[in-house]
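Respectively, the protein sequence lines represent chains A and B. At position 428 of the first sequence (counting the first as 1) the number is 468 in our numbering, and the numbers step up by one without a gap. At position 113 of the second sequence (counting the first as 1) the number is 153 in our numbering, and the numbers step up by one without a gap.
Don't read these hints as lab results, they were simulated from the structure. Be a bit skeptical, because a hint or two may be false.
Treat identical chains as interchangeable: a pair holds within one or across any two.
Straight-line Cα separation of at most 20 Å, DMTMM-like style, residue types lysine to aspartate or glutamate; simulated pairs [unchecked claim]:
no.	residue 1	residue 2
1	Lys474	Asp512
2	Lys431	Asp592
3	Lys220	Glu209
4	Lys244	Asp378
5	Lys431	Glu559
6	Lys578	Glu559
7	Lys474	Asp345
8	Lys220	Glu283
9	Lys578	Asp512
10	Lys431	Asp583
11	Lys474	Asp583
Number of protein chains: 2
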Amino acid sequence: MTIQKFARYLPILDWGRRYDRAALGNDLLAAVIVTIMLIPQSLAYALLAGLPPEAGLYASIVPILLYAVFGTSRALAVGPVAVVSLMTAAAIGGIVAQGTAGYAAAALTLALLSGLMLLGMGIFRLGFLANFLSHPVIAGFISASGILIAVSQLKYILGVPASGHTLVEILVSLGAHLDKINFWTLAIGTLATAFLFWVRRGLKPLLRSWGLPPALADALTKAGPVAAVVVTTALVWGLNLGERGVSIVGAVPQSLPPLTFPSLSPDLLRQLLIPALLISVIGFVESISVAQTLAARRRQRIDPDQELIGLGAANLGAAFTGGFPVTGGFSRSVVNFDAGAETPAAGAYTAIGLAIAALLLTPLIHYLPNATLAATIIVAVLGLVDLSILKTAWAYSRTDFAAVAVTMAATLVFGVEAGVSSGVLLSILLHLHKTSRPHVAEVGLVPGTQHFRNIHRHAVQTDPAVLTLRVDESLYFANARFLEDYVSARVVGDTPLRHVILMCSAVNEIDLSAVESLEAINTRLAEMGVTLHLSEVKGPVMDRLLRGHFLDQLTGQVFLSQFDAYQSVLGQGADAAQ
Amino acid sequence: MTIQKFARYLPILDWGRRYDRAALGNDLLAAVIVTIMLIPQSLAYALLAGLPPEAGLYASIVPILLYAVFGTSRALAVGPVAVVSLMTAAAIGGIVAQGTAGYAAAALTLALLSGLMLLGMGIFRLGFLANFLSHPVIAGFISASGILIAVSQLKYILGVPASGHTLVEILVSLGAHLDKINFWTLAIGTLATAFLFWVRRGLKPLLRSWGLPPALADALTKAGPVAAVVVTTALVWGLNLGERGVSIVGAVPQSLPPLTFPSLSPDLLRQLLIPALLISVIGFVESISVAQTLAARRRQRIDPDQELIGLGAANLGAAFTGGFPVTGGFSRSVVNFDAGAETPAAGAYTAIGLAIAALLLTPLIHYLPNATLAATIIVAVLGLVDLSILKTAWAYSRTDFAAVAVTMAATLVFGVEAGVSSGVLLSILLHLHKTSRPHVAEVGLVPGTQHFRNIHRHAVQTDPAVLTLRVDESLYFANARFLEDYVSARVVGDTPLRHVILMCSAVNEIDLSAVESLEAINTRLAEMGVTLHLSEVKGPVMDRLLRGHFLDQLTGQVFLSQFDAYQSVLGQGADAAQ
Chain A
41 MTIQKFARYL PILDWGRRYD RAALGNDLLA AVIVTIMLIP QSLAYALLAG
91 LPPEAGLYAS IVPILLYAVF GTSRALAVGP VAVVSLMTAA AIGGIVAQGT
141 AGYAAAALTL ALLSGLMLLG MGIFRLGFLA NFLSHPVIAG FISASGILIA
191 VSQLKYILGV PASGHTLVEI LVSLGAHLDK INFWTLAIGT LATAFLFWVR
241 RGLKPLLRSW GLPPALADAL TKAGPVAAVV VTTALVWGLN LGERGVSIVG
291 AVPQSLPPLT FPSLSPDLLR QLLIPALLIS VIGFVESISV AQTLAARRRQ
341 RIDPDQELIG LGAANLGAAF TGGFPVTGGF SRSVVNFDAG AETPAAGAYT
391 AIGLAIAALL LTPLIHYLPN ATLAATIIVA VLGLVDLSIL KTAWAYSRTD
441 FAAVAVTMAA TLVFGVEAGV SSGVLLSILL HLHKTSRPHV AEVGLVPGTQ
491 HFRNIHRHAV QTDPAVLTLR VDESLYFANA RFLEDYVSAR VVGDTPLRHV
541 ILMCSAVNEI DLSAVESLEA INTRLAEMGV TLHLSEVKGP VMDRLLRGHF
591 LDQLTGQVFL SQFDAYQSVL GQGADAAQ
Chain B
41 MTIQKFARYL PILDWGRRYD RAALGNDLLA AVIVTIMLIP QSLAYALLAG
91 LPPEAGLYAS IVPILLYAVF GTSRALAVGP VAVVSLMTAA AIGGIVAQGT
141 AGYAAAALTL ALLSGLMLLG MGIFRLGFLA NFLSHPVIAG FISASGILIA
191 VSQLKYILGV PASGHTLVEI LVSLGAHLDK INFWTLAIGT LATAFLFWVR
241 RGLKPLLRSW GLPPALADAL TKAGPVAAVV VTTALVWGLN LGERGVSIVG
291 AVPQSLPPLT FPSLSPDLLR QLLIPALLIS VIGFVESISV AQTLAARRRQ
341 RIDPDQELIG LGAANLGAAF TGGFPVTGGF SRSVVNFDAG AETPAAGAYT
391 AIGLAIAALL LTPLIHYLPN ATLAATIIVA VLGLVDLSIL KTAWAYSRTD
441 FAAVAVTMAA TLVFGVEAGV SSGVLLSILL HLHKTSRPHV AEVGLVPGTQ
491 HFRNIHRHAV QTDPAVLTLR VDESLYFANA RFLEDYVSAR VVGDTPLRHV
541 ILMCSAVNEI DLSAVESLEA INTRLAEMGV TLHLSEVKGP VMDRLLRGHF
591 LDQLTGQVFL SQFDAYQSVL GQGADAAQ
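Isolated chain A, as found in the complex (with noise of 0.2 Å):
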């Protein structure tokens, strides 16, 4: 059916159709609850970016109806996100100086190049590039991002000038400006940073203790962002703070997101070229983590590739009206799954409220003070933070450890992008090396049976005419080469060895390298005369090996079983079985 077949591409199609009563009275308050949240987040995430806070809420509009349509999660709530946001200011301000119109603008192309790549990587099914990124490599870059967005906020909480991308500039910038302290800042944002922790941590407990219902005592702690940003602006205007030098959101324009032209200069489409594939694909992996998570609490299906799409769509939306790379947040999602969201719609409803606020409220934040949205930002990143992946790791493997610490490290030292780059690059490696180097058995007969085990770890039958090798790794590029040395060092010095078989049931593949191997190794093994057998190819495995001359060349014979193989050299000659 042709609606089907639209759907596919379209998600609205399919659940817009059953769209009822029930449906709309669930989103409508979802909807509520999740705007009054994001009001103030949008605004910090701004601050963080390093643009004016209207392009927070810019950024949360627009962004939100496309995902609303061609994305196929029901919960994801897409918008500015804490780890993307400082990409972004990591990308821009390097380039363009922070508070310019270059500087919003360049924003806006970051947006434009991370929405052509994510549709990019949807249309051609490229979804799976986000898998270099390993969860070692992902936890490690997140909890250092925390780490590094926490410590660049804290020239807000001191009212101090400071700058810089990684964790030593920054420290470095904040230390010679010391001198430079506001107190009423440093006030307001260590009071707010210290109540918004206590209402994460006490303020639900207490108010069940109270007796309130868990959903209400839920609601109001959602709420506490909100009520610092009141209590903090009205302490700001009625004791004329901004006049002693608390730095305060000032103008915000009254105005639905505007229309935006991103800028197309070349030179700056190159310099964004790596950063905004880096925001790509971390933002596609975080929201793509957050919607399997809450679809599979109501058994429903999230097609990656489509996820792509939605997301490339809200970044395009967000570079033509204002805002920055977008992407689909945790707690957000998690917010509005709980609050009861049922379809993408209570997104549209989210959207009519932040538009409502923009074009009503922003008079009234004018005397918001910055230190009040970096408390918001510090309270809500230090969740980022979770340095028992380290121990994890540790434990698990030295591998994966190693990957968690250098991506940690680089992210902290180097700064996001060198972080991710490496911790990539590290992780591609190090499987390579491992795989480089697999698991090669000997393996004899298990007497009175037909298996074949470990020379070293069962009482084995074996030859010493015949030396069976049992791979435990696909044969490819890699490996090849190991092979072809691991052969030559056992065989060699072998007076009595006149059969070599490989074992092949845990070969996956064998590419164009590793049959070059292997013919090396036949060859070679040849001029000892010494005669190469494979037993237990896998169907797939076999039908590529007729593709070539190998077989061809093979001095010995490919056997069914092991156990075939082992029975029909014997019988060729060779000593009698020990």
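Starting from the known structure of chain A, arrange chain B on it as the hints suggest.
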């Protein structure tokens, strides 16, 4: 025993103790033949590397001696080779102008860096790095280099100035100077090339048909280049062609290899770092293939790590005695082997022969035309060009074909460094892509047995409440997410399903990313009321799982065999087997 321990690092202690008169005779004969062959070859490769001819002789003397002390191959002949000489020219040509003192000093630096890297790889057992060069990449690279080298020598045949390190650059540069062709040079170059081709193809059969013994016919054929050198030098001298614009070798110092010091300018070191790495790895791969092929014929053993040390020492030798990067060459090693060389002492005698040549014969090559050397190179390198690899790879797999084609194209169009790098990168990406979408089979019980096979290929017994998936690949970061997606997609909507069993018989490894994916799968299935079990987990994989928390969280059990798992979950209240 101490001497055997030392002999591991100083193989000369092993063969040196057993050296006798028969070996001496064989080695001396081989040395004479190889020396005669090496004189024109060494001069020619120096020309190819953009260096004065004597550098080729120097690079063949001390490096051979050092390799004889540290190397493990009995027959390998170390010295300048075509591909490494081309890479040397490409690496230095972009930095220093050819013909200057700085150029020669940079060649020494390149040899130094390459020597240190090879030594380092040997000491830290990093030889596996060479595994990143798959056979298709090497084959494509060597063929494309052969074409590049042949084309780069056309300027000497035509007698025109030309430059460039890519096919297009060289051809454009040649085209721009076609009006300056020197016809005497062209005549000498064309005749020498034609003669050498004829020697290669037609001389040996002719000599055999005249009744000469094969060994003599072979030796005369090997002397072909020497004949071309002698005849053309005599022609140029007799007809005074040097004054008619034929470019000649000119004055060559009569000297033993001088003591030289590589430039250590930090800028130069930095620029040569990557080229040195590529030269080291390519040189090592070329050398070890030759060494292993020859060693196998006599059932001798090659130690790859010790080979790295031998080649490293040889390159350090080249760096301090006026040479340039060297490695084990295919043609010279085969000649050495066929001529009967028994020990590395043959190399030492060759070094003495070449030292005598450098000291006494250099005045004789004053009138040697560069066109003859170019002809030697062209005829030698066209043997490297083997386009049949394109056909072989195409027949075998599209992945391998892509690796060959991209490496060749990139080498020709962008030069040697870009060629190797893009080939390596592409192979790794394609491998990760392949393993990121492993084969997953849904399996059922073959009636009357305890075996489980693919439900789409065999008539098997299944139960609607039980889903068994067999993943034919190790589980690691590149396919962890794939498995999550696969299980989600398969399970959602399958209402009667109560148990999922992952059959791990083909899983050789589970890394931390995969464990976290398994945890996510476990949690999501639990939220759908489905239990997750594992079966046939291999010992080392199980050991690792026991170190993490996954098994504590697992809603189901780990079964030793898939049959146990199936029986057990059917007994746990699933519907009766169909």
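Each hint, compared with the structure:
1. Taking CA atoms no more than 20 Å apart as the test, Lys474 paired with Asp512 passes in both settings, with 12 Å inside one copy and 18 Å between copies.
2. In the homo-oligomer, the alpha carbons of Lys431 and Asp592 lie at most 20 Å apart only across protomers (17 Å), although the nearest pairing inside one protomer, at 53 Å, exceeds that limit.
3. Taking identical chains as interchangeable, the C-alpha atoms of Lys220 and Glu209 lie at most 20 Å apart only when both belong to the same chain, with a minimum of 18 Å there against 59 Å between chains.
4. For a Cα distance limit of 20 Å, the shortest separation of Lys244 from Asp378 inside one copy, 16 Å, qualifies, whereas the shortest one across copies, 86 Å, does not.
5. In this assembly of identical chains, the alpha carbons of Lys431 and Glu559 lie at most 20 Å apart only when taken from different copies (17 Å versus 45 Å within one copy).
6. When the C-alpha separation of Lys578 and Glu559 is checked against a cutoff of 20 Å, the pair qualifies only within one copy, where the shortest distance is 19 Å, while the shortest distance between copies is 30 Å.
7. Taking the closest pair of Cα atoms, Lys474 and Asp345 come within 20 Å of each other only across two copies (18 Å); inside a single copy the shortest separation is 30 Å, beyond that limit.
8. Proximity of Lys220 to Glu283 under the C-alpha cut-off of 20 Å is restricted to the intra-copy arrangement: shortest distance 16 Å within a copy versus 80 Å between copies.
9. In this homomeric assembly, Lys578 and Asp512 come within 20 Å of each other (Cα to Cα) both inside a single copy, at 13 Å, and across copies, at 11 Å.
10. Taking the closest pair of Cα atoms, Lys431 and Asp583 come within 20 Å of each other only across two copies (17 Å); inside a single copy the shortest separation is 45 Å, beyond that limit.
11. For the homomeric pair Lys474 and Asp583, the shortest alpha-carbon distance between copies (17 Å) is at most 20 Å, but the shortest distance inside one copy (27 Å) is not.
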